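Student: In case you want the letters, here they are:
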Amino acid sequence: MGKYKKYFNLIYLLVFIVMVVVAYTTSKYRPESVSILFTDFSWLGNWPKWLDFPLMPFLNKWFDILIVKYGIFFEGINFFLLGLYTKMKNFLVDLPWPLLMILVIALAFFASGRNTGTTIMVAFCVFFLGFLSPRYWDKCIMTTCIVVIGMLLCLVIGIPIGIMMARNKKVRNALLPILDLMQTIPSFCYLIPGILLFGLGAVPAIFAIFVYAVPPLIRLTDLGIRLVDKEVVEAAEAFGASKKQKLWGVQLPLALPNIMQGINQCTMMSLAMVVIASMIGTRGIGDEVLLGLQQLNVGMATEAGIAIVLLAIIFDRITQSYGERMQERVHHIKKKLK
Amino acid sequence: MSKIEIKNVYKIFGENPEKILPMVQKGATKEEILEETGHTIGLDNVSINVEEGETFVCMGLSGSGKSTLIRHINRLIDPTSGQVSVEGTNVMELNEKNLIDFRRHRMSMVFQRFGLFPHKTVIQNVGYGLEVQGKKIDERNKIAMEKIEAVGLNGFEHQYPNQLSGGMQQRVGLARALATNTSIMLMDEAFSALDPLIRSDMQKQLIDLQAQLKKTIVFITHDLDESLRLGDHIGILNDGKLVQVGTPIDIIMNPADDYVSAFVKDVNRAKVIKAKIIMVSANKFNGSKNINTIKVNEDSFIDEFLPKVCLTQATIEVVDKSGNIKGYITDKELSTALTKNHSNGVFKSQK
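So the sequences go chain by chain: B and X.
Read in order, the letters of the first sequence are residues 1 to 338 in our numbering.
Read in order, the letters of the second sequence are residues 1 to 351 in our numbering.
Worth flagging that the hints you see were computed from the coordinates, not collected in a lab.
This one's a predicted model, so the numbers in the text were calculated from it and none came from an experiment.
Treat the hints loosely; a few may be bogus.
[What the hints assert, rightly or not] Cut-off 20 angstroms, straight-line C-alpha distance, at most; resulting in silico cross-link-like pairs (EDC-like, lysine to aspartate or glutamate):
| # | chain 1 | residue 1 | chain 2 | residue 2 |
| --- | --- | --- | --- | --- |
| 1 | X | K120 | B | E303 |
| 2 | X | K19 | X | E5 |
| 3 | B | K244 | X | E96 |
| 4 | X | K120 | B | D316 |
| 5 | X | K276 | X | D232 |
| 6 | B | K230 | X | E189 |
| 7 | B | K244 | X | D101 |
| 8 | B | K6 | X | E189 |
| 9 | X | K265 | X | D201 |
| 10 | B | K243 | X | E15 |
| 11 | B | K246 | X | D101 |
| 12 | X | K26 | X | E51 |
| 13 | B | K5 | X | E18 |
| 14 | B | K6 | X | E36 |
| 15 | X | K284 | X | D223 |
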């Protein structure tokens with residue numbers, strides 16, 4: 001790899017030249033012959049129309065092919081995720097609300113290691129979701145289902161990728177720009193194509209959640225594994241641990257606090273995205289905000305906004321306190337010998 | 001054949017070590033290489049032999065390459081060139097599976113900052129080597145308990161490492177290395193992170209353990225007193241080069257160069273030289289004996305009997321365990337042994 005480093009600049013230059021040539025030859029605004037460029041210098045004033053790389057038509061063509069040829073593939077994903085979502089949603093909506101409330105409170109209670117403070121806070125937030133407006137209860141369930149499915153997808157795909165990145169520098173170098181792209185590209189750029197691929201509703205929202213929320217999880221998994229004390233990993237190697245034993249016995253358990261932090265980040269970003277996704281017709285608490293804004297009903301929008309904050313607090317408290325408990329288990333800060 | 005043989009090992013850190021190797025072999029210094037190519041020399045033509053059952057101490061300041069050297073023995077680091085063989089096995093030729101097997105059964109390691117698994121209890125830590133070997137939990141707990149007792153940590157087996165003090169943690173590290181019952185132990189600055197009292201305590205424990213177990217130990221340290229106390233042979237590294245290899249007495253009495261002299265300058269000789277090294281053996285002795293004599297065991301250090309000699313002006317009779325007189329020490333021998341900066345090479349290696 002290092003041997004070819006000195007050719008990189010040359011390769012960049014070549015690629016650049018090829019791009020300019022492609023732009024020139026495909027443009028319909030190009031002058032009749034190249035020689036005109038050297039006699040008439042007016043093209044140096046404004047950006048010339050022929051100096052235009054044809055990325056747009058290329059992407060359009062590629063996207064059409066994706067829909068036509070691989071439509072069945074996306075249909076399959078759609079079918080699977082939608083089925084999962086509908087089953088989960090129907091089940092939770094059909095539960096009597098006090099029972100669901102008790103379930104969430106119990107989850108908080110055990111996830112926080114029987115911490116009463118956290119449990120009471122979560123109980124309070126859960127109660128207030130319905131208390132703010134009875135309509136919110138079912139909508140919050142829909143939002144929660146989308147977030148949970150999106151997160152599961154992130155976990156199943158994100159954590160293995162994070163592990164691969166931590167193990168292999170080349171994979172990391174290749175994936176980091178893609179993660180940057182996923183985090184910086186405006187969300188509507190994949191929300192709208194999401195509709196074309198998966199249709200309206202919950203699935204494009206799940207897709208958008210994945211694109212938006214998986215990068216921090218991948219990054220923190222990668223970082224967590226690489227931050228594991230080098231000497232501890234070396235000790236495992238010195239005693240003859242195989243790669244698998246090293247990963248499952250040492251690296252993953254010690255990276256767990258960081259991974260939990262990643263999951264927490266992932267949840268928060270999922271929740272942010274699911275609200276934006278209401279603009280492409282995803283049902284949930286987000287469309288209350290949208291409705292309020294459309295009717296210029298500031299009170300309604302704010303009320304729904306508060307409900308989203310409450311939902312976020314519930315998610316955050318549960319995942320965060322579970323992460324803190326992991327950290328305690330790994331580092332045993334609780335009790336010290338005198 | 002020696003237990004561990006390291007032959008002409010070079011290690012160069014950087015982007016393209018193979019290319020730099022010929023330069024290093026021609027004798028370019030560490031600074032030149034760093035300035036011209038940006039590569040760092042870790043080890044420069046190091047060859048050592050470690051015999052079965054001995055403690056080989058590898059000493060040097062930080063950055064001298066000693067930690068790099070010890071990692072070549074179990075191939076945590078691959079050399080740029082050179083050979084490492086352990087009990088006749090060429091370590092460099094092992095494939096991944098055999099290397100893992102080799103690390104599991106042939107040697108164990110103790111680390112400077114202990115390298116304990118913070119998420120495992122003491123007994124799980126000690127049993128780790130057995131765990132990766134695939135031993136059943138009952139068996140490994142039984143062996144682990146034995147080793148925990150051997151290092152004197154009974155009652156702590158269900159604590160977690162950071163509930164223990166530094167000294168206790170390193171005992172766990174030591175027990176973990178003992179648990180796999182390998183004949184070779186690598187100790188990378190094992191006691192350097194401990195405070196002086198606990199360190200000398202641990203050294204004593206290691207010496208006692210070694211007296212029973214007779215393992216082959218490669219011990220890394222930057223502390224000369226420690227190396228003199230523990231080592232049967234000492235190798236001194238400077239800037240990746242092996243400057244001198246010898247017994248402790250060799251190193252003190254005949255330092256090979258200024259670097260070694262600087263090291264041994266402040267050594268308290270009375271504490272490291274044994275009676276049997278400076279004695280004149282009984283059949284060669286022709287000086288005059290004083291009327292007063294005191295008997296001294298051949299393995300005692302000078303500072304153990306020096307006060308008595310000063311008090312009584314006695315001649316020392318050096319005796320072995322069963323009381324036979326092996327030789328004598330008079331004032332003359334004592335003064336030569338305790339005077340610094342003589343380089344007449346009177347004291348030959350005892351081995």
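Student: Determine which of the earlier numbered hints do not hold for this structure and return their numbers in increasing order.
Tutor: 1, 2, 4, 8, 9, 10, 12, 15
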